[in-house]
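**Student:** Now for the letters of each chain:
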Amino acid sequence: MALHNGWKFSQSDMIRNRYALMIDLIKSMQDEAALPSFVPSIIHHLPKLVDADRCAIYFMDHSRRAFYLMQGEVCALDLACTLLSPTLKLSSCPPPPPHASVCTVRSGKHQGVHGPRASRQCGDLWHIEKHS
Amino acid sequence: MDQGLPGSVVTSGISRNIPDAYLDPSFNPANDRKTGYVTKAILCVPIRSSAPHAVVLGVIQLTNKVSGSDVFEPEDVDVVYKFISLAYPIIFNSQSYSLLCRRGQRPQVGFRDASPSSPLPVTGAISATSSQEEDD
Numbered sequence: 023m024a025l026h027n028g029w030k031f032s033q034s035d036m037i038r039n040r041y042a043l044m045i046d047l048i049k050s051m052q053d054e055a056a057l058p059s060f061v062p063s064i065i066h067h068l069p070k071l072v073d074a075d076r077c078a079i080y081f082m083d084h085s086r087r088a089f090y091l092m093q094g095e096v097c098a099l100d101l102a103c104t105l106l107s108p109t110l111k112l113s114s115c116p117p118p119p120p121h122a123s124v125c126t127v128r129s130g131k132h133q134g135v136h137g138p139r140a141s142r143q144c145g146d147l148w149h150i151e152k153h154s
Numbered sequence: 229m230d231q232g233l234p235g236s237v238v239t240s241g242i243s244r245n246i247p248d249a250y251l252d253p254s255f256n257p258a259n260d261r262k263t264g265y266v267t268k269a270i271l272c273v274p275i276r277s278s279a280p281h282a283v284v285l286g287v288i289q290l291t292n293k294v295s296g297s298d299v300f301e302p303e304d305v306d307v308v309y310k311f312i313s314l315a316y317p318i319i320f321n322s323q324s325y326s327l328l329c330r331r332g333q334r335p336q337v338g339f340r341d342a343s344p345s346s347p348l349p350v351t352g353a354i355s356a357t358s359s360q361e362e363d364d
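Sequences listed follow chains X and F, in order.
With the working numbering, you'll find the first sequence wraps up at 154, consecutive numbering, no jumps.
With the working numbering, you'll find the second sequence wraps up at 364, consecutive numbering, no jumps.
What the hints contain is simulated information worked out from the structure, not anything from laboratory work.
Because the structure is a prediction, the values reported are computed rather than measured.
Ideal Cβ positions, reconstructed from N, Cα and C, are used throughout, including at glycine.
Check each hint, because a few of them may be wrong.
[To be verified] Under the rule of at most 30 angstroms between Cα atoms (straight-line distance), these lysine-lysine pairs were calculated in the DSS-like manner:
hint, chain 1, residue 1, chain 2, residue 2
1, X, Lys-49, X, Lys-30
2, F, Lys-310, F, Lys-268
3, X, Lys-70, X, Lys-49
4, F, Lys-262, X, Lys-70
5, F, Lys-310, X, Lys-70
6, X, Lys-30, X, Lys-70
7, F, Lys-268, X, Lys-70
8, X, Lys-30, F, Lys-310
9, X, Lys-49, F, Lys-262
[Claimed, not checked] Derived DEER-like restraints, expressed as beta-carbon distance ranges:
hint, chain 1, residue 1, chain 2, residue 2, range
10, X, Asp-53, F, Gly-241, 28 to 36 angstroms
11, F, Arg-331, X, Asp-53, 18 to 26 angstroms
12, F, Arg-331, X, Ser-34, 44 to 52 angstroms
13, F, Asp-260, X, Lys-70, 21 to 29 angstroms
14, F, Lys-268, X, Met-36, 20 to 28 angstroms
15, X, Asn-27, F, Leu-251, 37 to 45 angstroms
16, F, Tyr-309, X, Phe-31, 24 to 32 angstroms
17, F, Leu-314, X, Gly-28, 25 to 33 angstroms
18, F, Gly-296, X, Lys-49, 23 to 31 angstroms
19, X, Asp-46, F, Phe-320, 15 to 23 angstroms
20, X, Asp-46, F, Asp-260, 27 to 35 angstroms
With the hints as constraints, model all of the structure from the sequences given.
**Tutor:** Encoded structure:
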């Protein structure tokens, strides 16, 4: 009985911590109006809720029928394009909005790419990914 | 857009809990080959409200469970759905805010400016109250 109660207590404590973290995350999201402001915090905190290793978020652009992502710590444009559509050509992607700040990942090394260069590569499919 | 795992989730509007990604035909292993990362379990959940004809705003994809069993449990799916039910209106409002800003229609009521230094916009109701107080 004591062991069972101890197990129950640890389970309830874990669930309580999970939901406390979720509420903190929602509160921090409510403090920001712009999507790029709170997307990194989602990517950072959401894996902790479910003990995941990585988190990626894709946002829809319904007018272009494509995925996009605003901004983040690590954006893998070329990987996102291959992930979503293996046949997609990077040059065929429309340019990103002016406020977009993106970077590519090549050979495991992050290379920052901003503005026009990013526009030439791909703009419509941005993929944000971060190790937890 | 219909291709890949996120594409299939957006199209169907139903979450997918995949224990082994390499056994799923919609998974594209090109990322793993490029980065050396080994993807196993994937939990892909659409960002949408519970309304019948709600618009799917995007997809949250969680990869590789790091504790307990290597696969995501139904409780994990439930937690992500609870998070999305709370986050959906915030994301929806944020996207609407961005859309209005891009169109040059700066929202005056109900939104706070994205830049932290700028003050809250003064609404018509607050302005009217202030003028009444000044009159008194």
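**Student:** Hint by hint, which ones does the structure fall short of?
**Tutor:** 9
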